[in-house]
Amino acid sequence: MLEITLSALIIIGALFTFIGSLGLVRMPDFYTRLHGPTKATTLGVGSLLIASMIYFSTQGQGVSFHEILVTLFLFITAPVSAHLLSKAALHLGVESLSKPPPEVERADADGAGTP
Amino acid sequence: MNLLLVVLVPLVGAGLTGWISRFGRMKSAWMTGGLTLLSLACLAPSALAPFAGEVVVRRWPWIPEVGLDLAFRLDGLGLLFAIMILGIGLLVVLYARYYLPERDGLGRFYAYLLLFMGSMLGIVLSENLIQLLIFWEMTSLSSFLLISYAYRKQESRTGARMALTVTGLGGLAMLGGFLLLGEMAGSYELSVILTQGDAIRADPLYTPMLVLILLGAFTKSAQFPFHFWLPHAMAAPTPVSAYLHSATLVKAGVFLLARLFPVLSGTPEWTWLVIGTGLATLLIGAGIAFFKHDLKGLLAYSTISHLGLITLLFGLGTPLAAVAAVFHILNHATFKASLFMAAGIIDHECGTRDMRRINGLWKFMPYTATLAMVAAASMAGVPLFNGFLSKEMFFAETADFSSGFEYGWILPSLVGLAGVLAVAYSLRFIHDVFFNGDPIDLPKTPQEPPFWMKAPVAVLVAICLLVGVLPALTVAPLLKIVVAAVLQAPPPAFDLAIWHGFGLPVVMSLIALFGGVLVYTTRRPLFKLAERVEGQLLAKALHDWILAGLLHGSALATRWLDSGSLQRLVLTLVLSVLALGLVGFLDDGSPLTGPRAILPIDGVSLFMTAMLILVATATLVLHRRRLTALIVVGAMGLLVALIFVKFSAPDLALTQLSVEIVTIVLLLLALYFLPQHSPDESSWARRLRDGGVAILAGAGAGALTWSILTRPFDSISDYFLANSLPGGGGSNVVNVILVDFRGYDTLGEISVLALAGLGIHALLKDLRLPGLERDAEGRPWNWDLHPSIMAALTRLLLPLALLVSVFIFLRGHNQPGGGFIAGLITAVALIMQYLTNGVAWTHSRLSGNMYPLIGAGLLIATLAGLGSLVFGYPFLTSAYTHVHWPIVGDFELASAMIFDLGVYLVVVGATLLILIHLGLMHQASHPGPNQGEESL
Amino acid sequence: MKRRLLPHPILTPILALIWVLLSNSLSPGQILLGLLLGWIIPIFTRPFWPERVTIRKPATLLRFLVVVLYDILVANLAVAWLILRGSHHIRPAFVVVPLALRSDLGISLLANVISLTPGTVSSWLSPDRRRLVVQGLSVKDPAELINTIKGRYEAPLLEVFESC
Amino acid sequence: MTHLVIAPVLLPLLAGILLLLTRPLLPLGVRRGLNLAAVAGQVALAVWLLTLVDGGAILTYNLGHWPAPFGIVLVADRLSVWMLLITALLAFFALLHAVRGTDRGSRHFHTLFQLQLFGLNGAFLTGDLFNLFVFFEVLLLASYGLMVHGGGARRVQAGLHFVVLNLVGSTLFLFAAGTLYGVLGTLNLADLAVKVAALPPENLGPVRAAGLLLLAVFALKAALVPLHLWLPAAYSSTSAPVAALFAIMTKVGAYCLLRVETLIFGAGAGELAGLYADWLWPLGLLTLLLGSLGALAATELRRQVAYLVVVSVGLLLSAFGLATPAGIAAGLYYLVHTTFAAAAFFLLADLIAEERGSLADRLVPGPTVRRVGLLGGLFFFTALLVAGLPPLPGFVGKFLVLRAALETPGWPWVMAVILTSGLLGIIALGRSGSLLFFATQGATNQGDSIPSDSPGKSGGSAWPTLGLLALGLILLAWSGPALEYCAAMADQLLDPQGYIQAVLEPPGAGDER
Amino acid sequence: MEALMSLIVGVLTACGVYLLLRARTFPVVLGLTLLTYGVNLFLFASGRLTIGAPPIIDTQATQYTDPLPQALVLTAIVISFAMTAFVIMLSLKARAELGNDHVDGRETPGDQP
Amino acid sequence: MLSTAILIAFALVSAAIGLTLWRLLTGPDTPDRILALDTLYVNAIALLVLLGMHLSSALYFEAAILIAMMGFVGTVALCKYLLRGDIIE
Ligand code: NA
Ligand code: NA
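Residue numbers (this note's numbering), protein chains in the order written: chain F, -13 to 101; chain V, 401 to 1336; chain S, 2 to 165; chain G, 40 to 552; chain W, 188 to 300; chain Z, 1051 to 1139.
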């Protein structure tokens, strides 16, 4: 049972990791590519980490919690990265399937927001 | 002791004289005269010894291992030269005091003169050949100083450098020759060498040795084809010419021939080299002398000619020829010194030395004229003067030598021709200067010089006369001991009578006299002819050409080699290393592959390797787009870290990861100030070449890796694995190696890091680089300095990161981690604050002053190492203990942790120092309302 | 004085907990050390975290967290499906979400939650911090998306961090 | 095990730290005094150590109390202590020159200076290959900092080349060290020697390759042809005291070459015996020749001096390449002389350049410099020294090398090249001396371009230069004992068993930790 | 596995050398970085390749990889980081002093023979 | 079964890394490349976790946590560079 759970978690994790990267390749523009890695991957790595937690906790060397920490880190940082990347892409005017709101372009182009 | 003093008095006195001259012009003259006399006085106690057939030798050890002692020797030859040097020296000192212009301080002149005098005495009194060489070179140097005395004149500088170059060449050759000679004789001591003539002449290296030594002698004595420096040395003040270029310096060469005569002479090589050179010099010197319009030029070439004569005599190799040579050395010194002095007086009085303008001086300075005429007659070889005696002997010896050869008439004929020319130029000296009508357009009206200026000339002329008339009474005893010293054998019987009866020598003398008069009378068409062939004389032209070519060539070669191109430097290094590595590996055909069992390849590794190679090659393709290249390198760093993970190196992976990110931040900081793209500037040929070199280098590195990885292996590491826990108190062996087994390496390593920080801090001072207003595509930068979503969350991360950092630090001794990685984590966490919240915000919360932190870290690490000294153990000896506290439980205290703390602090300090200051450079280059940079 | 010695009372137990997670051990020594660090580190980092975070309604926060976790799970499945189906089925769009939140922390949390959940990334915050531009992977109805964001995420955050 | 052995390393390190920490606290004058005192202390330490090793004793120091070859061991034998002494003396006079103002231009001059000595002393004392790498890096990074200290386009560019090239060199060092470790399984120099002596034939290839890579690394440091081209630009563009201190930098390379040549690839190395010697003397001669050409071609005095440093490296390494007791002893004697002479020349060039204003050290006629007597005299003297003319120690050194060369089959080459380069040196220096001091116009430099920006700099003290020259004279006067010591050094080097035993089987080996 | 490692070291070295031979400071720095990767892997590999046997003393472990090269590489990584930092700074300084980022400070672009 | 699962997972994660690198190298825009690098870091964590289980060793955990931290720093720095050029200002 444990082994099945572990195997399932591992396969799911790896699969999501893979799909995340697949999105990176398959999606048509930068903004759509952004979604795959930032989300699918967090889940993928998350389930791998849970698998690892279970795995090491059942190895007879005491519990293993520290994987939670990696997950925590990823959950805090991944959205920030995504936001910054998106912001940078907007700033650079990266080619996009959907038109960004005009105020973005206006503010970024003339440095309107400069304090 | 006194021999040493003879040399030392002038040498030491030189400095004294230079110094005393600041108290008055006359003081230095008196001083020099006094020192010369003192030196003479020092010589006196030993002066009689040679007459008693003794050789005085005194030694003081200097570098005994290599047979280099201070050793002095006084025999007849040395005595003759010492007397000449000191005697004529005294007269020159007197003469110069009046000759040199009033405004001249004289101190420098006399100092150089004494330096020369001491060096010259050193040559003639040396027992050790290497010591002789030392003094030999010192005469070159002091004569360089004397010739360049009037250094503002171009000709002085040229003359001096030419003399230095030529005599320098000779000196170096002679060093080679002496070394060989010393090797053959097993000693540099003349007493030893002079007894081993036969063995030395039989040595297989005799010829090269002879050539090298003769090069030294010939350059110094201005023998053809090295003669050209001497006329140019006439740029020296006339007293110098009188002293160096007639009596002393140029005689050093012939002195050496005399000195080594018993060892070197008598072989065919010696005979033909020395005779040939002497004869050529004799003829060429005499020929040119006649055509020189410059008074001193005439004398200079005449000197060259006479030196050739003496050389030729030594070349003949017979004892009697040696007698003649030695005798002529003495005679030439007297008449030529006096002639130079006379020429100096004429120059001094007329303001020119051009014989085409100087005429009829008999009317203006009859006393001087008389003295000069006597000396010139001696030079011409007129009977009753000393020159006649030795020249007669010369004619006799050449005739005698030639008689055995089939074409034996050639030598006497040529020698006779030289005699004719000698008479001709002597006659010219007399007639063209003192008679021949009236002076033409002289700058000054000539008159008799002061008495004390004429007196030295008179003394020398008197000697000419005295020796010429009464040779047996005056010079014969001296000549005997000199010849004995030269031959290292009892002197042959010789007769110094004026009249030897009618024979070939007399005929030759007569031919010379009449022929000379004849040549002189037909001088005008000859001068015309000479003017036509004039131009650069061969040897001098050759010298100039060689020197110019050398300068030009070296400039070309150096410019080509030292092109200031880094690419060239790197390429040279890489190619050298490739060559060395290849030679090293292939020299004896060691197998590339060893017998060690290899690990099987798994799919993931294969795939990742392919990825790494892909990424690495991509850097090459993308490198000109710099930001892209940077991102690619970031990926590569990650892959490298994964390799470390794969092959059981968690510590390395951690380090690689953190260093990687810091490096990327660093490169980004730098990239802001650099162009965003590298220009496409390499030609295809260049890329192909570089690619080829790179592939070779890569193949080499790969082959080396393979050859090592496949070889069996036995290392010292078992010791670390066995002792890490019991001896070092840690189960992370890598960390124990770092802080304990090889903690000293780590101390060096953090010093490097600290140095990088300090070096960069120092480098940044005054560094101004304008930041860019717009990005590479010309867009303005984004308005949002510190995106608030990022800023808010990064603040949350700081405590978390610090916690991780403490964690990594504390467990490092037993698990992957340690001070270095912890330090980097801390630094990165703090850098993040700068990145996301800005400098102003962060600085109001964290002092940017990092170097005290670096200092403290280094100090803690060092003190941690020093602690063990208190207990008598070596630096960096660690100690650890397990402590048990209630509740807390068991934990370990290790001194290595303190060391690691030092590491931690240095890493934090240095990393922050580097990054922050780079980041601050923009502000620094835009002085504004921000915080003062120097406060950091 | 109290602020100086214990600048963030919430942080101390969190850090201690994280320490325990890190060290993978529940030994008293590690817990003690965790608490010690949880106390010391906030003192060191106090200047970097000037405003004291106050949580008004822990229950709301907890509920909010559960919702978010659930959304993340669902979002991931949805996005994975979209990726596998290919790019023909997506309808990317930018929407502008007017913000009621004012605090930096609040806005940041909202933005992050948006980025973590269904096919959306918060892309741009207007200079006056009143509007958040969100990029959606497959947006059928922009108004609905805005409403979901405001109702499902912004409202609880307002309650927890900014209710007065 | 005397702790004295570690002292020459720790003293500069602690002094450097102290100078760093007191930067804002103490006035510059006091810190200068501290620095000078620390260097003087290093001189004293070196002399003290010299008395201990003079009799042939080899002192070892097991850092961390770990036995060799496992821990890092310091070894003080005659050679390493000799190098320490030269370094300390040189540093003292270089610093004396620097404290008259050079040290103002930078933030951490004094710390960098001491850490440079830390690196140098560490490199001379270490008995471990990788530790040698570490201290190479210490001394290099300190030297980078010192080299570009003060800035200026030329200096920075030369510094960039110097740094990049040395970084490649460091990479090579690691390749070499890795290969040696990968085949022989140890890093301790003595242990490496033991392992090389017992090397199975199938491993000859990698070890020889690694040995030659190391040769390249050290040759780069020593500026041996064809890896010498970084030196002229680097040395001629940095500040005078730094250039003077750098006179020892090439000697570090030479020292390492000699150490590895005699210890690891010495007579006992079986197949690999004489690995270095075969390369050193021909390359040394080539260096000598190309260096002389460079000196001849130079259009600036400092560049000329830098090329003369290359020349001295050539002579030095040819001597070491003879691999005979006499050759090595001669080289070691020459090393002392040339270090001080080159340093003195750099300092002197600085004094001359200052007096010549905007003409600086360019070899063109200019106005008569002030203090022409003093500077001209010093130039003449130093030129004699550097050109190896009698009666100064340069000549003695050259003579010793030539004499030693006569015992080897390649002597005609050695003699021909050394004598030729001697002549080229005379021509070059005669030319520059003549241009600098003789070919002058006007009695004074009034109205000429004496720089207004550095009024206080002119008239710098000649005492440091004189001090270095005096060291040369002392060497000359005590040539006998000095050569005796050099011969003893050579004997010790050529019989590495003593070294190996001292390191691997120390007398007190019983007291394990 | 040994062949892969040799290949990696070789490729990294080759790429590093190629970039080192470029005419601008930035690629040279990148080249140094690549070369450093290469040599660090080489030095690391000189202790031979071992999988799953990190040098952390463990009662259950039967085998350990060679710890010494790891310690050496750690030192080497740190040192090369310091060096890289310095050379980057120096290239900025050169850019400031010389006005361009050519390694020889030459205005006219192009390679030097 | 577990080991088979891990092997399959290895294959999937490797493929993911391959895809990510493809995006990293082809771009087309810099944000794409940064995104790819960020993803690569996350993929590397997955690989590490798998390796940890494969080798039954918890020693790779620190590397994972460090990758999580450092990857973020790298991405932030690169984005900041795109936005402002001057990343520390
Ligand atoms: Na006339
Ligand atoms: Na900045």
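By construction, these hints were calculated from the structure, which means they are not laboratory data. It cannot be assumed that every hint is accurate.
From chain Z, some residues computed to sit far from chain W (all C-beta separations above 10 Å) [unchecked claim]:
{"#": "1", "residue": "T1054"}
{"#": "2", "residue": "A1061"}
{"#": "3", "residue": "A1065"}
{"#": "4", "residue": "G1068"}
{"#": "5", "residue": "W1072"}
{"#": "6", "residue": "L1075"}
{"#": "7", "residue": "T1076"}
{"#": "8", "residue": "G1077"}
{"#": "9", "residue": "P1078"}
{"#": "10", "residue": "L1105"}
{"#": "11", "residue": "S1107"}
{"#": "12", "residue": "L1109"}
Pulled a few chain F residues facing chain S out of the computed Cβ check, cut under 7 Å [as the list claims (entries may be wrong)]:
{"#": "13", "residue": "K73"}
{"#": "14", "residue": "P88"}
{"#": "15", "residue": "V90"}
Okay, derived cross-link-like pairs now, BS3-like style, lysine-lysine, Cα gap no bigger than 27 Å in a straight line [what the hints assert, rightly or not]:
{"#": "16", "chain 1": "V", "residue 1": "K692", "chain 2": "V", "residue 2": "K427"}
{"#": "17", "chain 1": "V", "residue 1": "K763", "chain 2": "V", "residue 2": "K880"}
{"#": "18", "chain 1": "F", "residue 1": "K85", "chain 2": "S", "residue 2": "K141"}
{"#": "19", "chain 1": "F", "residue 1": "K85", "chain 2": "S", "residue 2": "K58"}
{"#": "20", "chain 1": "S", "residue 1": "K58", "chain 2": "S", "residue 2": "K141"}
{"#": "21", "chain 1": "V", "residue 1": "K763", "chain 2": "V", "residue 2": "K553"}
We put the CB at the ideal spot given by N, CA and C, even for glycine.
Outcome of the hint check:
1. T1054: Answer for T1054 (chain Z): holds, closest chain W Cβ roughly 19 Å.
2. A1061: holds, 18 Å
3. A1065: Holds, because the least Cβ-Cβ distance between A1065 (chain Z) and chain W comes to about 19 Å, which exceeds 10 Å.
4. G1068: Given that every Cβ of chain W is farther than 10 Å from that of G1068 (chain Z), nearest at about 16 Å, it holds.
5. W1072: holds, 19 Å
6. L1075: At about 14 Å from chain W, L1075 (chain Z) clears the 10 Å cut-off, so the statement holds.
7. T1076: Label holds. Min Cβ-Cβ 19 Å, cutoff 10 Å.
8. G1077: holds, 18 Å
9. P1078: Answer for P1078 (chain Z): holds, closest chain W Cβ roughly 21 Å.
10. L1105: The assertion about L1105 (chain Z) is violated, with a minimum of 4 Å to chain W.
11. S1107: violated, 7 Å
12. L1109: violated, 5 Å
13. K73: holds, 6 Å
14. P88: violated, 10 Å
15. V90: holds, 5 Å
16. V:K692 / V:K427: violated, 38 Å
17. V:K763 / V:K880: Violated, at roughly 43 Å.
18. F:K85 / S:K141: Between K85 (chain F) and K141 (chain S) the Cα gap is close to 15 Å, so the pair holds against 27 Å.
19. F:K85 / S:K58: Judged against 27 Å, a Cα distance of about 39 Å means the pair is violated.
20. S:K58 / S:K141: violated, 34 Å
21. V:K763 / V:K553: violated, 32 Å
Hints 10, 11, 12, 14, 16, 17, 19, 20 and 21 from the earlier list are contradicted by this structure; the remaining hints agree with it.
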